[in-house]
Structure formats: structure tokens, C-alpha cells
Amino acid sequence: MQQPAPQQRPAQPAPTPAVPEFDPFADNSAPPTWLSSDGSEPKPAAPPKPPSHLGRNIAIIGGGLVVCAGLIGAVVIGLSKSGDSEEVAQPANTPVTEAPAQPAIDENWCEPTNSGNVAVGNGPGGTASGPDVIFAFHYAYYVERDGIKAAEYGYPGIYNADELQAAADQEPPAEYCLTITEQEPNVYTLERETRIGSRIIGATKSDVITVPDRYNQYYIYALTPVEGG
3 MQQPAPQQRP
13 AQPAPTPAVP
23 EFDPFADNSA
33 PPTWLSSDGS
43 EPKPAAPPKP
53 PSHLGRNIAI
63 IGGGLVVCAG
73 LIGAVVIGLS
83 KSGDSEEVAQ
93 PANTPVTEAP
103 AQPAIDENWC
113 EPTNSGNVAV
123 GNGPGGTASG
133 PDVIFAFHYA
143 YYVERDGIKA
153 AEYGYPGIYN
163 ADELQAAADQ
173 EPPAEYCLTI
183 TEQEPNVYTL
193 ERETRIGSRI
203 IGATKSDVIT
213 VPDRYNQYYI
223 YALTPVEGG
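Each residue of the sequence shown is one higher than the last, beginning at 3 in my numbering.
Hints in this document: simulated from the structure, not taken from any laboratory.
Quick caveat: nothing in here was measured; it's all calculated off a predicted structure.
Nothing false has been slipped in among the hints.
Each computed SDA-like pair below joins lysine to any residue, with the alpha-carbon atoms no more than 25 Å apart:
(1) Lys207 - Arg194
(2) Lys151 - Ile211
(3) Lys151 - Ala170
(4) Lys207 - Val145
Pair ranges (Cβ atoms, derived):
(5) Ile160 - Pro187: 11 to 21 Å
(6) Asn162 - Ser208: 12 to 22 Å
(7) Val145 - Ser208: 11 to 21 Å
Where a beta carbon is used, it is the ideal one built from N, C-alpha and C, also for glycine.
Take the sequences, apply the hints, and build the full model.
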């Protein structure tokens, strides 16, 4: 015998919340729950504070000061070392040695003179006499440094102009003075003194023979150094 199916109970409706009875004469000023306890509107929440840059700025400034201090210290140390090196590099004071005084130049040295049989000088000379042609030869050789011109004061065939020029080019830029002493007609003793500034650098002695041509122009025929002169 079949059992009858159990009957399902209808679902119970959800309880309805009790709504307080509204009394129009009662004190209905109680604030709603969304008001603050003191009755005023709640203040809106303060906006979040932006992250403070003060600490970061202080850190940056502090770091900058440290770097600047390091740079200043490095510069000071560098300057100090530089100053020390400059002081070390300075040479010690050395006593100044004065050069020995040079003897005064004799302004009357080689003053031209012609007395009797002695002629002194260093002028350009000429061909009018034996002493004149001796002066002319030495002037062309030592002053003008002209080998061709010097050779022209020699008797034809006596001197080679190229050889005289080569020798003249080797002579130092010095002054000279000639003292010509006549031993007999057309025979002379020649003394030559050479100096640079006030210092005598050489003295030689030679025998010189001169000859005139038919026009009475004189030429050097021989100029022979004297040994020990």
C-alpha cells in the first residue's frame, strides 16, 4: 500500500522589520544616523598630505654642501701643494759675479802720423808712394774684404785674386794698425798690430819691397814675413 507523499510546507515570508510608529506630537528631532553625534554635519575627510619634499631637499642640500666642502678642500690642498712646489722650484740666490773691467780703449790708438821715415795708420792709402800702396793693399784686404782690389795693388802676376778673397773671408772682424819704417828706397819694415775692442790679438812683422812703374805709380813687389816677427 503506497504511502501518501508528504506535503510541502509553503515558504514562510521574511519577517517584516518593525517600523516605529510615528507620533506627530512626539520629539522627532533625533538626528539621523548619518549626522554626527553633536548634530553637525561631519567634516569631510582631510585630503591626504602630499609627500613632503623638505626632507629630500635637506638631504640634497646637505649632500651638495658636502661635495662643495670636498671640492674646496681639494682646491686648498692643491694650491698649498702648488705653492710648495713653486717655492721648491725657485732657484737659490746665487752671488752675482761682476765681469772684470775691460781696459779702456785708447782713442789715440793708430793715430795717423808721418814723420821722417816712419808712417803709422790704417787708412785707404793709394799708389803715390811706397807707404801709400802698403796702406791701400791692407785696407782692401782687411776692411773692404775685396780680393780683386787687393790684388791690383800688387805687381802684375804677384797675387792671385781668388786666393786673396778666400783668405780675406776667413779674417776676424778686427781692427789693425800699420807701422811702416823705410830701410832704404823702396824697402820697408812693416809691423802690423791687430785688436778686437781693447784687446790686442796679434802682431806681425814683414819685409816689404815696392816698385814704381813708368807713370810713377807704386806696387807691392814682395811682402815677406819675418820669422819671430
